[in-house]
Amino acid sequence: MILTAAVLARRELIKFWREKARVAGFAAAPLLFWFVVSAGFNDFARFYGGSIALALMFSAVFSNMTLIDDRKDGFLAGVLVTPAPRSGIVLGKVLGAAFLAWLQSLIFLFFLPLAGLKPGFFGVLGCLGVLALIAILFTLVGFLCAWQMPSTQAFHGVVNMLLMPMRMLSGSLFRFEGAHPWMQMAMRLNPMTYAISLLNQCLGSEASFGVTLSLTLLAGWTIALFALALAWVGRSDYATA
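Numbering (this note's numbering), first residue to last: 57 to 297.
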């Protein structure tokens, strides 16, 4: 399993590096996002964690469009008919895409001094771990969507319909404590709410939920989605798609 995962993850990184336009967008997107979003908030430190988490969420989910290309090129079918364990296939695709999304999110950490935040060594270390967990979680979300979609157009439509409510109900635009009770209930069901709360804890900003609750829920969702991905990949009708 480990060997299969390592080979597929390495392939994701090589494929990314060979697409120069994608590399340019990889570096430029966080910078553009920073200047646009920071210009819109007077107290940007309050929204800093949410900005990183949202950018990472979109990057992690949309990185799975390569899965649709692999299906069209016949590469996915070739991998699925080999004796390689399904867990290695899922893990390799997910870790490769999640690693790229995680690297992109690290660019934001260079703006910590400009945001007026001083989390310290352990705070930054905590941010790295939380960002990695967010990257894996939402890469799995993108993986599950891409596995079902016949085209990139369909993938874009479904993913945008899924991510926009998660963005609006994440606590990045307004505080959980100030929301209407019915909206608070919806925010409690949104994993992005806990991801942002965890990042805020690491950065020393105000957090809506405790570390233990947020970390437990995010880890639980990640494990559940990985199990679901294994189940879908292992089904014969998807394997022959």
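Some hints here could point you the wrong way.
Distance ranges between label pairs, derived from CB positions [stated by the list, open to error]:
hint : residue 1 : residue 2 : range
1    : Gly185    : Leu59     : 24 to 32 Å
2    : Thr138    : Gly266    : 42 to 50 Å
3    : Leu269    : Phe131    : 37 to 45 Å
4    : Asp129    : Lys174    : 44 to 52 Å
5    : Leu69     : Gly176    : 44 to 52 Å
6    : Arg74     : Met239    : 22 to 30 Å
7    : Leu162    : Val214    : 24 to 32 Å
8    : Glu75     : Met220    : 24 to 32 Å
9    : Trp238    : Leu218    : 16 to 24 Å
Keep in mind that the hints were calculated from the coordinates and are not lab data. Since the structure is predicted, the reported quantities are computational estimates derived from the model, not experimental observations. Virtual Cβ for every residue (Gly too), placed ideally from N, Cα, C.
State the violated hints by number, sorted upward, taking the hints as numbered earlier in the document.
-> Of the numbered hints given earlier, those the structure breaks are 5 and 6, listed in rising order.
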